[in-house]
Amino acid sequence: MSASISTAVPAVPMRPPQRASRHLLVIGGIALTAALLVAGAFMPKWLTFLVTMAASHGLVSLGIVLMMRGGVVSFGQGLVFAIGAYAAALAYTRLGMTDAIGLAVLGGFVATLAVAPFAPLLSRYRGIFFAMLTLALSMVVFGVLVKTDALGGSDGFNMGRVTVLGQKLGDAQVGYVLYAVTIVAAAVLALLARIYFDSSRGLLSLAVRDNELRVEYLGGSVRRAMAINFMLAAFAGGTGGALVVMSLGHIDPNFSYWTTSGEFVFVAILAGWQSVLAVFIASTVLEVVRSFSSLYFPNTWQLSLGLFLLFVIRFLPRGIGSLWIRRTGASRHQDAPR
Amino acid sequence: MTAPLLRASGLEKRFGALVAASAITLDVQAGERVSLIGSNGAGKTTFVNMITGYLKPDAGRIELAGRDITPLDPRAITRLGVARSFQIPQLYPALSVLDNMLVAIACQENRLSFWQVARRADAVARADALLERFTLLEHRERLVAELPGGVRKLLDIAMALTGEPQLLLLDEPTSGVSAEEKFPMMEIVMTAVGAQPLTVLFVEHDMDIVERYADRVVAFYSGRIIADAAPQAALAADEVRRYVTGTLEVTTC
Chain Z
58 MSASISTAVP AVPMRPPQRA SRHLLVIGGI ALTAALLVAG AFMPKWLTFL
108 VTMAASHGLV SLGIVLMMRG GVVSFGQGLV FAIGAYAAAL AYTRLGMTDA
158 IGLAVLGGFV ATLAVAPFAP LLSRYRGIFF AMLTLALSMV VFGVLVKTDA
208 LGGSDGFNMG RVTVLGQKLG DAQVGYVLYA VTIVAAAVLA LLARIYFDSS
258 RGLLSLAVRD NELRVEYLGG SVRRAMAINF MLAAFAGGTG GALVVMSLGH
308 IDPNFSYWTT SGEFVFVAIL AGWQSVLAVF IASTVLEVVR SFSSLYFPNT
358 WQLSLGLFLL FVIRFLPRGI GSLWIRRTGA SRHQDAPR
Chain G
1249 MTAPLLRASG LEKRFGALVA ASAITLDVQA GERVSLIGSN GAGKTTFVNM
1299 ITGYLKPDAG RIELAGRDIT PLDPRAITRL GVARSFQIPQ LYPALSVLDN
1349 MLVAIACQEN RLSFWQVARR ADAVARADAL LERFTLLEHR ERLVAELPGG
1399 VRKLLDIAMA LTGEPQLLLL DEPTSGVSAE EKFPMMEIVM TAVGAQPLTV
1449 LFVEHDMDIV ERYADRVVAF YSGRIIADAA PQAALAADEV RRYVTGTLEV
1499 TTC
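Top to bottom, those sequences are chains Z and G. Residue numbers for the first sequence follow this note's numbering, beginning at 58 and rising by one. Residue numbers for the second sequence follow this note's numbering, beginning at 1249 and rising by one.
Treat each hint with caution, since some may be false.
[Unchecked claim] What the simulated footprint calls covered on chain G by chain Z, stretch by stretch (three residues with Cβ under 8 Å from a Cβ of chain Z suffice, anywhere in the stretch; the number is not a length): (1) 1319 to 1333; (2) 1341 to 1347; (3) 1358 to 1372.
The set of hints was computed from the structure by calculation and includes no laboratory data. None of these values were measured; they are calculated from a predicted model. Heads up, the beta-carbon is just placed ideally off N, CA and C, and yes, glycines get one too.
Go ahead and model the full structure; you've got the sequences and the hints to work with.
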């Protein structure tokens, strides 16, 4: 008896893996970063600030995208954003740590350590339960911050001007230098995120999203994968928070408020989960829409934002990233009924 | 006689009033091909689920090569060399066939890395070798969601074999496959499985398949074993003919 069964679909010729090589990725990342650094020198100050905010907020949303790849969405990413920002601001004001790079890294680490005890708990939940639990945690932190006078209560507190590699920054340079630090930090984390997405652990996240039962039956740990994603997202969010507070020079509990978390989710949905670059583009789009809408329609800018999101969901259901990510492999069926 | 690879002793499982397993005792020697037969609800899949740790027995003990695996979860049991396929293939529909295999290889090798690309050369080579054994190589870049049922079944089994298990449990490997494709499919599976020193337990409803591929048949009815013998003897047993194959007429007065 011949050992063959019908396939009902024509076979496709084999092709090599689609993923870009590491070298191309690094070279492309460096080129893009260099281009942004050069462009920043010629940008007006308002635009430099806008891109700084977009890149640092983008890092927080990158954390959400990282979790989305595992099938969950955090509605409380403001939690790690606030923890990272408060850590950086407190290290500056209380410990005298002024270096921008050190503060950014510190923000990431403190946020990761702060949420690490919750990772095993959260890794047990999915869907709306995960979203609500993360939201609840962020609102608990918001409440604590509002009531803690030592941290400025609901008014927050200010932090002074940071240094970079021991150099004090003058009025003329501070905007651009913080822009450059943010762009480089975002580029490094974006590159690491891409490497993670293409790794076997990154692939496991997609598998968890698709079929948890089979992951366990293959000897993989679903909960460990979810906990790791949650903590990596915390590092990205904490770093973003630290970068933002350095540029703003002020922090208050609203960093942890649910509407702040909502904006990060907005960017993640806008970007989709396929492309790292799309996260930063989406974040920039949000900042641009917000800036111009609040200028021209100060009381209804959220309406413009909502309409824009509706447009994207209708015409780009897989997010902005789907514009250039080929519809192959993991990407093609992600919007199929689950 | 050597110690059995798998020993189930006095397994009991109830779901409320329903008795899914009652005093199930079974030894399986290494290298055996054992078919589990029985009508729907007889307790075959419950037995497989207890062996693989998905269900915990209410009573009894399960040993793998002398080690008690009763309290272990599916992940731990998988790591000890027990693999399974499913009646409804449990795959990753949004991923390609190759990526499904790579997830399986990475999990079973316990070589999950943040840094190394998922499509590393040695893993891809291993995946391709298995896909070739299962005649799936031509589909390697195709999305699982696009594949027909028979191909999904084969992929489900191929993934189970990535860890080179000692014991393979196949839950109805030919269910949902057309009658004319059952034998070719089972031929592919058994040929592929034959390349490894493997003990196989398979749940099956097609008695022709059972007769051809099993060394031994264990028949279930109402959560208990009603026959355990070589295929011809088991299929000829009155209780099996009455409750499983339906070839023994029940006379009423």
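Hints versus structure:
{"no.": "1", "hint": "1319 to 1333", "verdict": "holds (count 7)"}
{"no.": "2", "hint": "1341 to 1347", "verdict": "holds (count 5)"}
{"no.": "3", "hint": "1358 to 1372", "verdict": "holds (count 13)"}
Hint compliance for this structure: every hint is met.
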